[in-house]
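Those protein sequence lines, which keep their order, are chains A and G. Take 2 as the starting number for the first sequence in this note's numbering and just add one per residue. Take 13 as the starting number for the second sequence in this note's numbering and just add one per residue.
No wet-lab data here; the hints were simulated from the structure. Backbone N, C-alpha and C define an ideal beta-carbon position, used for all residues, glycine too. Any given hint could be a false lead.
Here chain G is said to cover these stretches of chain A; the calculated rule only asks that three of the stretch's residues, wherever they fall, bring their Cβ under 8 Å from a Cβ of chain G [unchecked claim]:
id	region
1	185–198
2	245–259
Here's a subset of chain G near chain A, in silico, CB distances under 10 Å, partners left out [claimed, not checked]:
id	residue
3	Tyr34
4	Leu45
5	Ala46
6	Cys57
7	Val69
8	Val82
9	Ala85
10	Val144
11	Trp145
12	Asp154
13	Ile175
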Amino acid sequence: MKRPVAVVGVGQTHHTTRRSDVNIAGLVREAVDLALRDAGLEHKDIDAVIIGKAPDMLEGVCQPEQFLAGALGAHMKPLLRVHTAGSVGASTALTAVTHVASGLYERVLTVAFEKQSEGNAMWALSPNMPFVAPLVAGAGGFFAPYCRAYIARTGAPAHIGPLTVVNARDNATRNEHAHLREPMSLEDVMNTPMLWEPLRFGETCPSSDGAIAMIISSGDLAKKGPRKPAWVKSGYSYAEAMWVPGRDQVSPKAGQVCAKHVYDKAGITDPWNQIDTAEIYVPFSWFEAMWLENLGFRGVGEGWKAIDRGDTKFGAHLPINPSGGVLCSNPIGASGMIRLGEAALQVMGRAGAHQVEGAKTALGHAYGGGAQYFAMWIVSSQE
Amino acid sequence: MNEPPKEGIKYVETTVRLPYHYVAGDYKALYLLALKEKRILGSKCDTTGKVFVPPIVASPESFAPCSQLVEVADRGVVTTFCVVNIPVIGRNLELPYVAASVALDGAAISIFALIQECKPQDVHMGMRVEAVWKPDGERQGDHEDIQYFRPTGEPDAPPETYINRL
């Protein structure tokens, strides 16, 4: 990065099944107002707006960024939309970082949202393609076979997926923004119906309405306060094609490369010991074990063991998704940015009841498409 | 002037229609025509020799052209799968069904395939399967010409033969 960049404000809505009290513009505006208030700034302090959401078919509104310009406070300002499927929230925030780091803008408002109640995500994510048998039933139907491949490869016992959910739900009880806040026992999760075997209903993210906004600022202005910012130490996005011979959908190369670059740039050589907490994109239970390996926290075949030992629980060695993560709130387009925003809140020391004690360095991560698009950042309490 | 509604209106339901024409291109047009003749075509990378099904004009791996169309087998191996118990709007598949990745013999990547003529719990990674075609005269030149795949009863393929073709 050409110059230091920091997060100076984070605002998110409560995430829930249906926000019928607001339309899309109202939902987005709520997050924007919260972020500006959090940063102690006003619209006049913002140079540009960068917004992301999942594909337009999710709500059936094409190019919503255009009619949202007013709600975003983007009149007479540059407004850019980012598209990278499920990882979009994270790559949108990274696009904002790039625009500030380049020196082009001093402060960028970055926003991500999804109002899933206004459409049918499962339908939108199961398009009938002309040359392919229409068999994939939503994202769960796409990813379940790769969870199966992970289980077959590592010999992970069947309770690891459900145990991941137990931890996530426990975490969400401490997060006032989370959609699913009721704790679940291992038995509760195991007793939910099998949707896409090996994935149960209880091992699947909810469909949520929600939005998040952040103010990304130049380091110079970030130091002027009013609060301690979260310093962006590194941020990268990587992608790979979907149908490449030998592509490993269980541990995609793009994810490994992206993680290596964010660690290298942030001076992290031992992520398991140098990172205090991580918000990673886990829409289906088994992905926590899979990403622990893909992100280099644990070796190949060792991810599930860390979960089994309890090392990733709140208060343990490396708390994963102290917010409850995507398993407890999934406004799809916003989910990636929520990961990055929650990581920022942790290093600012302002994560409330789900604050990881003494968190100084955190990873925010998202993936999208057919596990092809990856976007991550490392944030720190220190410049 | 109309009277304002007495009850607050929270939302209205409307339907979006999005009809479109998908241009097949030469390779996929030939692929579809071949299905009518119970043949499955792939394209072969000029550099690596790897075969893509359905055929594509250039490899996303080597970026080289795939200038040769080749026929692959209508049988292969289940590389991974899931058992689907949840319906999708607009589809009428009977639940539960097995959605599998099947690597056809001779192909470098897998295709999505429905597995039938066996119980879902009997499907497993490495299972050998073959295409069940629509009868002669009923094939239209689209993916539905293959109705589903079924077990062949051959011995399972060893994992190393399909692990990189998920």
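Hint check results:
1. 185–198: holds (count 5)
2. 245–259: holds (count 7)
3. Tyr34: holds (5 Å)
4. Leu45: violated (13 Å)
5. Ala46: violated (12 Å)
6. Cys57: Hint holds; G/Cys57 Cβ to chain A Cβ min 8 Å, cut 10 Å.
7. Val69: violated (13 Å)
8. Val82: This interface hint is violated because 15 Å lies over the 10 Å limit.
9. Ala85: Result: violated, 17 Å to nearest chain A Cβ.
10. Val144: Violated, because the Cβ-Cβ distance from G/Val144 to chain A comes to roughly 12 Å (cut-off 10 Å).
11. Trp145: With a closest approach of 13 Å, the G/Trp145 hint is violated.
12. Asp154: Given a least distance of 8 Å, the restraint on G/Asp154 holds.
13. Ile175: Holds. Min distance 8 Å.
The structure does not agree with the numbered hints 4, 5, 7, 8, 9, 10, 11 stated previously, though it agrees with the rest.
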